[in-house]
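J.: Going line by line, the protein sequences match chains A and B.
First residue of the first sequence: 25, per the working numbering; consecutive thereafter.
First residue of the second sequence: 518, per the working numbering; consecutive thereafter.
No lab work stands behind these hints, which were simulated from the structure alone.
Don't take each hint at face value.
Partial selection, computed: residues in chain B whose CB lies under 8 Å from chain A [to be verified]: (1) I823; (2) G862; (3) P876; (4) A879; (5) L886.
Ideal placement from N, C-alpha and C gives every residue a C-beta, glycine not left out.
So the chains spell out like this:
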Amino acid sequence: MSKKDLSLLVLILVVGTVVALINPRFLFVGNLSNTANQIGLFGIFSIAEAFIIIIGGIELSVGSVIALLGVLFIDLIVNHDVNWVVALAMIVAAGLAIGLVHGTLVTRMRIQAFVVTLCGLLIYRGAARYYTEDATAGFGFGASFPMLEWLAAGRTNILGFPLPHSVVALAVVAVIAWVVLHRSVFGRYLFAVGKNEEAARYSGIRTNRVIISAYVICGGLTAFSAILIAMYTRSISPAVHGSFYELYAIAAAVLGGCSLRGGEGSIIGVVLGTVLLQVLQNLVNLLGIPSSLNFAVMGTVILVGVLGDQYLVQRRQRVGVAKGREQASVAAAPLERVKVE
Amino acid sequence: MSEPFLELIDISKSYPGVVALDHVGLQVSPGEVVALIGENGAGKSTLMRVLGGVVEPSGGVIRVDGTARSSLTVADAIKAGIAFVHQELNLFDNLDVAGNVFIGREPVQGGPLRLIDRKRMYADVAPLLERLGCDFAADAPLAELSLAQRQLVEIMKALSLDARLVIMDEPTSSLTLAETDRLMRTVAGLKAHGVSIIFITHRLNEVMQCADRAVVLRDGRVVGALTRAELSPAAMIRLMIGRDLKSLYVPPAAPPGDSVLEIVDAVTDTYPGRAVSLSVRRGEILGLAGLVGSGRTELSRAVFGIDRLRGGTIRLDGEPIRIASPRAAIEQGIYLVPEDRKGAGLLLDVSITENISLPDLASYMRFWLVDTERENENAVRQRERLKIRAPDVRTAVGSLSGGNQQKVVLAKWLSMRPKVLIVDEPTRGVDVGAKQEIYGMLRRLTDAGVAILMISSDMEEVIGVSDRLAVMHEGAISGFLDRSQFSEHNVLQLAVGHTIEAEGP
Chain A
25 MSKKDLSLLV
35 LILVVGTVVA
45 LINPRFLFVG
55 NLSNTANQIG
65 LFGIFSIAEA
75 FIIIIGGIEL
85 SVGSVIALLG
95 VLFIDLIVNH
105 DVNWVVALAM
115 IVAAGLAIGL
125 VHGTLVTRMR
135 IQAFVVTLCG
145 LLIYRGAARY
155 YTEDATAGFG
165 FGASFPMLEW
175 LAAGRTNILG
185 FPLPHSVVAL
195 AVVAVIAWVV
205 LHRSVFGRYL
215 FAVGKNEEAA
225 RYSGIRTNRV
235 IISAYVICGG
245 LTAFSAILIA
255 MYTRSISPAV
265 HGSFYELYAI
275 AAAVLGGCSL
285 RGGEGSIIGV
295 VLGTVLLQVL
305 QNLVNLLGIP
315 SSLNFAVMGT
325 VILVGVLGDQ
335 YLVQRRQRVG
345 VAKGREQASV
355 AAAPLERVKV
365 E
Chain B
518 MSEPFLELID
528 ISKSYPGVVA
538 LDHVGLQVSP
548 GEVVALIGEN
558 GAGKSTLMRV
568 LGGVVEPSGG
578 VIRVDGTARS
588 SLTVADAIKA
598 GIAFVHQELN
608 LFDNLDVAGN
618 VFIGREPVQG
628 GPLRLIDRKR
638 MYADVAPLLE
648 RLGCDFAADA
658 PLAELSLAQR
668 QLVEIMKALS
678 LDARLVIMDE
688 PTSSLTLAET
698 DRLMRTVAGL
708 KAHGVSIIFI
718 THRLNEVMQC
728 ADRAVVLRDG
738 RVVGALTRAE
748 LSPAAMIRLM
758 IGRDLKSLYV
768 PPAAPPGDSV
778 LEIVDAVTDT
788 YPGRAVSLSV
798 RRGEILGLAG
808 LVGSGRTELS
818 RAVFGIDRLR
828 GGTIRLDGEP
838 IRIASPRAAI
848 EQGIYLVPED
858 RKGAGLLLDV
868 SITENISLPD
878 LASYMRFWLV
888 DTERENENAV
898 RQRERLKIRA
908 PDVRTAVGSL
918 SGGNQQKVVL
928 AKWLSMRPKV
938 LIVDEPTRGV
948 DVGAKQEIYG
958 MLRRLTDAGV
968 AILMISSDME
978 EVIGVSDRLA
988 VMHEGAISGF
998 LDRSQFSEHN
1008 VLQLAVGHTI
1018 EAEGP
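So here's chain A without its partners, still in its complex pose (with noise of 0.2 Å):
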């Protein structure tokens, strides 16, 4: 855990605290189970737009992806009888697909990342309010799926806590997605392409491909998670359903760590991220404050924490500085970088 990821732990812990004293039901176990799901779900589709932040993209469209495939999930399987494996499979497959479209744009055709995923932002929920004529889909009386149900939306007690199963699955992803950017090659070209993709070329690696299987990655993901949020939500107002969840995962990533230059973020830190900004969420419901300031609390909040970030990294830079000098590194140093100073 680097010392980015404990300091964001002691933040939770602070704000945490701070919630329970004001008003100990949030460690009611009922509260803590729900705020846990909230992180399962949200946690997802933040490590998805980690793994494109991470190679120095964005992702626009996860909110719309998490509608349109939620739309085409319980379609198929309440309206089109597909048993619900086959189903999951076929959803999985069009996240994955969406993922191989934005890459194969982002590199071949050289669109800007931002540019193209702002595209598909709109393009999928226009094309989910198309496809439900705007109306809301969900599962009929009696349309049951016991199995499915819980599984992605169950709870299972441990130890008398509650414990959702999308926070299971969430573990597992982040578990995965932890060995895969932090200890294996593909997680190595991965941050050296998001570092500088010139470089990356130059040492033989094909930054094409590490770019499109990025963004293949991210809509696997997502479509994962669009999944679990329709099984938990039930029904799915496709004007509505999933909007600006690509702002809470891109603003778990950065309160992770991650920096929109690309090259730099740690999955712990973006889980932590989710918890932090599902805490705040649970903050403002529990202390009483209008709901309609929800996202200015998270605003203010996720500000502040980049400040107090970028004050200890000068902070720290000034003491490395001082410690440079005396290594006598000091007189090879560039001319116009202390005249910034």
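Given the structure of chain A, go ahead and fit chain B onto it with the hints provided.
T.: What follows is chain B alone, placed relative to chain A:
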């Protein structure tokens, strides 16, 4: 020569634990060209920062026009007429020439609206353009200018500030031979107008060409000052490193073998009508000289698979091969040390270890995961082999000096098995000591059977290191030279597209 208008007396600067400048003295008279030389870390940059008012000396006196003070501020330095032309130019790609010259002090009109007075700006630039003999217009977009032309824009900026002293920090490190020549004439022109110049460079022949005297720094001290009459490369090198340097050239241990890399009628996008053919033999360093823009870097990029070849074939050990990507080139054992070290060679804020293993990560793989232990062991080995000076292999390469950074780029490829190594400007921005070590490493590689193609614009290097030379001119080879024919004159003749007279050996 007239009285010095600027005097640095006994300037010292110490940082905790290190003395960057130790009682350094320097005088500059109007119209004088002073070369400031020394290895990286000798204190040149710190001294120039004192002059620019960025660093406050811990001791000593700075006397400008007879007024003595203990330090300068940036404003003082500008008022005293001290201007910098930096190694990495501080210009704006998206502005035109005049906009760059007057950036931050644009003439304004329209009262409180503060609109830019374009007419006056262009009118003010015109005399400067003429004075420097520029071949571009005041409204030329900067993006369309060559590096050498941009440097002239920097110099115009200095002159428009009424600079009396222009400090040029390695101005020729990215210039072609012809452009360097032109810069030398510009320096002479400035001198004739009474402008003084402090010229910082690693290229000693330039010092020979333009300097009135040279001041040599080593370890923060002035270790010698050479007058025009005393100037010689040998004398300068002796002072810089404190010992005599043997001649650069080390002959190969064995005569070169068969052709390893053969480039046959290669056509690149830059020169669609021209084809290049050359071959590099086992155990030799083939120098590739020519002006920047003659197509050398483009050729190397195409051979390495960065760009597509438009035509022609590449043969490795006699077999035609297809190279569609750097990956394919690397698999064949063809490696490139690119010209742009920071942009294309390294991940600057990543450790030495991870930089070295990057092209070969697959071989450190166990069950898809990186075996960091073996990765580290290799980095430690390479650090010793190449004498990379860093406290630890976990150090980020961005904090290393240019020479050590270049060694890390080399280490990337040396950990693998090179057949052909293409090095593009291998010692640009590298100090004298590290240069020698890099040359030594190249020679050891060829002795081990590697074929090296060395692209270089540094005349000393081209002539001093190569076993054989190819010279390019506008996208084609204008001639080959054997060591017996090596001379600055011959290389320049071929580089500008002339042929050399057939001389008997």
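J.: Starting from the hint list further up, note which numbers the structure goes against and sort them upward.
T.: none
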